[in-house]
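Could you put together the complete structure from these sequences and hints?
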Amino acid sequence: MNRPVSDPAVVARAGLPDPTLLPPPSPAASSLLDPTRSLAEWAVIGLFVIAAFAVMRSTAGLLVPMVAAVVVGSVLARIGDRAARLGIAPLVAGLGLVGMTGLGGFLLVDALLEPFAAMVARAPQMLASLTEAAAPLMAPLSSLKKALMHVAGDQAAAPVAMGSEMSWLGDFVSGLTPALGEFFVFFATLAFFVAGRVALRRRMILVWTERERRLAAIRILNAIEEALALYFATTATIYAGVGVATAVIAAASGLANPILWGMLAFTASFIPYLGAGLIALALAAGGLVGHPGSVWAMVPAGAFLIVHLVSENAVIPAFLGRRLEINPFVVFVAIVFWSWMWGPVGAMLAVPLLLVADTIHDELRPSRGALPA
Numbered sequence: 001m002n003r004p005v006s007d008p009a010v011v012a013r014a015g016l017p018d019p020t021l022l023p024p025p026s027p028a029a030s031s032l033l034d035p036t037r038s039l040a041e042w043a044v045i046g047l048f049v050i051a052a053f054a055v056m057r058s059t060a061g062l063l064v065p066m067v068a069a070v071v072v073g074s075v076l077a078r079i080g081d082r083a084a085r086l087g088i089a090p091l092v093a094g095l096g097l098v099g100m101t102g103l104g105g106f107l108l109v110d111a112l113l114e115p116f117a118a119m120v121a122r123a124p125q126m127l128a129s130l131t132e133a134a135a136p137l138m139a140p141l142s143s144l145k146k147a148l149m150h151v152a153g154d155q156a157a158a159p160v161a162m163g164s165e166m167s168w169l170g171d172f173v174s175g176l177t178p179a180l181g182e183f184f185v186f187f188a189t190l191a192f193f194v195a196g197r198v199a200l201r202r203r204m205i206l207v208w209t210e211r212e213r214r215l216a217a218i219r220i221l222n223a224i225e226e227a228l229a230l231y232f233a234t235t236a237t238i239y240a241g242v243g244v245a246t247a248v249i250a251a252a253s254g255l256a257n258p259i260l261w262g263m264l265a266f267t268a269s270f271i272p273y274l275g276a277g278l279i280a281l282a283l284a285a286g287g288l289v290g291h292p293g294s295v296w297a298m299v300p301a302g303a304f305l306i307v308h309l310v311s312e313n314a315v316i317p318a319f320l321g322r323r324l325e326i327n328p329f330v331v332f333v334a335i336v337f338w339s340w341m342w343g344p345v346g347a348m349l350a351v352p353l354l355l356v357a358d359t360i361h362d363e364l365r366p367s368r369g370a371l372p373a
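Numbering (the UniProt record's numbering), first residue to last: 1 to 373.
Simulated from the structure, these hints should not be mistaken for lab results. Check before you lean on any hint, since a few could be wrong.
[Said to hold, decoys possible] Each pair of labels, with its calculated beta carbon distance range:
#1 Ala-117 to Arg-211: 57 to 63 angstroms
#2 Val-109 to Ile-79: 20 to 26 angstroms
#3 Leu-309 to Val-207: 19 to 25 angstroms
#4 Ala-89 to Val-330: 35 to 41 angstroms
#5 Ile-360 to Asp-81: 19 to 25 angstroms
#6 Met-298 to Arg-219: 48 to 54 angstroms
#7 Val-55 to Val-198: 28 to 34 angstroms
#8 Ile-218 to Gly-105: 30 to 36 angstroms
Each residue gets a CB set at the ideal place from its N, CA and C atoms; glycine is no exception.
Here you go:
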């Protein structure tokens with residue numbers, strides 16, 4: 001039977017040094033293994049993140065309404081806590097707010113469904129007017145397209161051209177109108193979240209055994225709810241003013257359904273950058289339909305952009321200050337990413353999710369000492 005090399009007798013006969021008497025490996029030698037170990041750990045983390053995002057994308061139909069319900073429920077629950085100070089039970093106040101939100105949303109959709117259908121019916125005319133007005137700017141691209149079609153052949157290019165002009169509209173509308181099941185998941189999650197929010201908070205806090213960690217969990221939960229409530233309360237009020245101003249602009253410009261224009265501007269304003277651009281293009285198309293070939297066709301879009309720029313760069317910073325300031329590049333990347341992940345609703349949830357992540361980072365970041373003079 002072979003004896004291990006570490007056996008003292010074997011070591012003595014072989015003339016090898018005793019392993020127990022060898023000096024420990026130097027830090028320099030052991031540090032050579034650290035990069036490999038670090039790369040392996042980061043590779044495992046990267047694979048986990050990729051798998052998590054793949055699952056989130058494949059289950060978007062379930063996760064989107066649930067995440068939206070948790071975000072909205074955090075804001076409504078904060079309002080319910082203030083109502084509790086007036087003697088109203090938090091559960092009653094929260095469920096009452098959920099019911100009022102659902103009823104208000106149903107009445108709003110019912111009132112705007114017919115004007116929205118009429119606007120969709122006029123979309124081809126608006127698109128044709130916008131394309132005709134932009135023809136001088138698109139002339140170089142048209143020449144390039146004709147050259148590519150000539151190289152590829154008319155037979156290969158014809159199927160691509162047929163039926164492609166309005167395909168984007170159908171995709172947008174189908175993505176903008178979620179299924180009835182997703183609405184049910186949203187309101188059910190919202191109701192259960194508001195009803196069980198206190199118990200859920202207690203469980204999330206008591207899962208930690210150390211007092212410091214429990215206090216940190218309380219601070220994080222309170223900071224997240226406060227940040228979301230402050231963001232939505234401030235932006236909803238300001239964007240409501242933007243919606244009213246847009247409705248006035250649409251009415252003064254002779255556009256049909258000014259109330260619908262105002263509601264679209266209010267909703268799209270929650271998508272930074274992209275929302276304002278879409279509304280400006282839509283107003284430009286509507287102006288071209290009403291005033292073809294006239295400079296007045298661009299007045300509604302220009303007036304809306306002025307109102308939106310003032311609200312984003314003057315009014316909102318004056319109310320929020322630096323409390324919820326996030327780098328614009330990070331906001332844009334988050335919007336693009338969540339739009340790719342979850343569609344239009346993901347674009348609306350990008351800023352709230354970014355606020356949650358930024359709040360958690362600020363609460364967990366160790367306090368910085370004062371810099372030396």
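Verification of the supplied hints:
1. Ala-117 to Arg-211: 57 to 63 angstroms: holds (59 angstroms)
2. Val-109 to Ile-79: 20 to 26 angstroms: Cβ of Val-109 to Cβ of Ile-79: about 22 angstroms, so the range 20 to 26 angstroms holds.
3. Leu-309 to Val-207: 19 to 25 angstroms: Given a distance of about 46 angstroms, which is not inside 19 to 25 angstroms, the answer is violated.
4. Ala-89 to Val-330: 35 to 41 angstroms: Holds: the Cβ-Cβ distance is about 40 angstroms, inside 35 to 41 angstroms.
5. Ile-360 to Asp-81: 19 to 25 angstroms: Since the Cβ atoms of Ile-360 and Asp-81 sit about 21 angstroms apart, the hinted range of 19 to 25 angstroms holds.
6. Met-298 to Arg-219: 48 to 54 angstroms: holds (50 angstroms)
7. Val-55 to Val-198: 28 to 34 angstroms: For Val-198 against Val-55, whose Cβ atoms are near 30 angstroms apart, the range 28 to 34 angstroms holds.
8. Ile-218 to Gly-105: 30 to 36 angstroms: holds (32 angstroms)
In summary, the one numbered hint that this structure violates is 3.
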